Amino acid sequence: MKHMVTMVNPYFKMIRFIRLLFYHIYIYYYKKEGKSIAKFTTFLIFTLLFGIILYSGYVLLRVSYSNNIIIHTPYIFYILFFTIIGCCVGSYLYIEDFENLDSFRDYHVKYYLYFFLIAILSIALAFYSASINRERIFKQREMHKTFVEMKK
-11 MKHMVTMVNP YFKMIRFIRL LFYHIYIYYY KKEGKSIAKF TTFLIFTLLF GIILYSGYVL
49 LRVSYSNNII IHTPYIFYIL FFTIIGCCVG SYLYIEDFEN LDSFRDYHVK YYLYFFLIAI
109 LSIALAFYSA SINRERIFKQ REMHKTFVEM KK
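Residue numbers (this note's numbering): -11 to 140.
None of these hints come from the bench; they were simulated from the model. One or more hints might be untrue.
As the list claims (entries may be wrong) - Lysine-lysine pairs mimicking DSS-like chemistry, simulated, CA-CA at most 30 Å apart:
1) K127 to K139
2) K20 to K98
3) K98 to K23
4) K19 to K98
5) K27 to K98
Values in this document were obtained by computation on a predicted structure and should not be read as measured data.
Produce the complete structure using the sequences and hints provided.
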């Protein structure tokens, strides 16, 4: 006799929601191209999405924590950051074959709408954190310019 444990923790619901997002994007490309292209496309989409969300959130937290901080990120850190996220997403997609989610035959449009909503919000977060950082860079340049003029 099997005992089924129900998970009511909101974190488990969020993980299940993210897995269903993965699954619906995967199924969309699986129907068009095939299994390997579907996994690769899902890998690229979610690596980009998670990278934008995590990096923009990091910049926004650092910028909101201090009024004077300006974040200059070298390109090697972008490459390293997205490589680490890509390895995590890629290993998840390699291990997960979506067999246990295959019972969901009703492909709701709401998951695609949720995906696009998350993508739009992550892009808005990226633009907002970049605009705050850009304003601070312009203020710093202006202060430096007035400081140099006063020194003369």
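Run the structure past the numbered hints and jot down the numbers of the failing ones, going up.
-> Structure breaks no hint.
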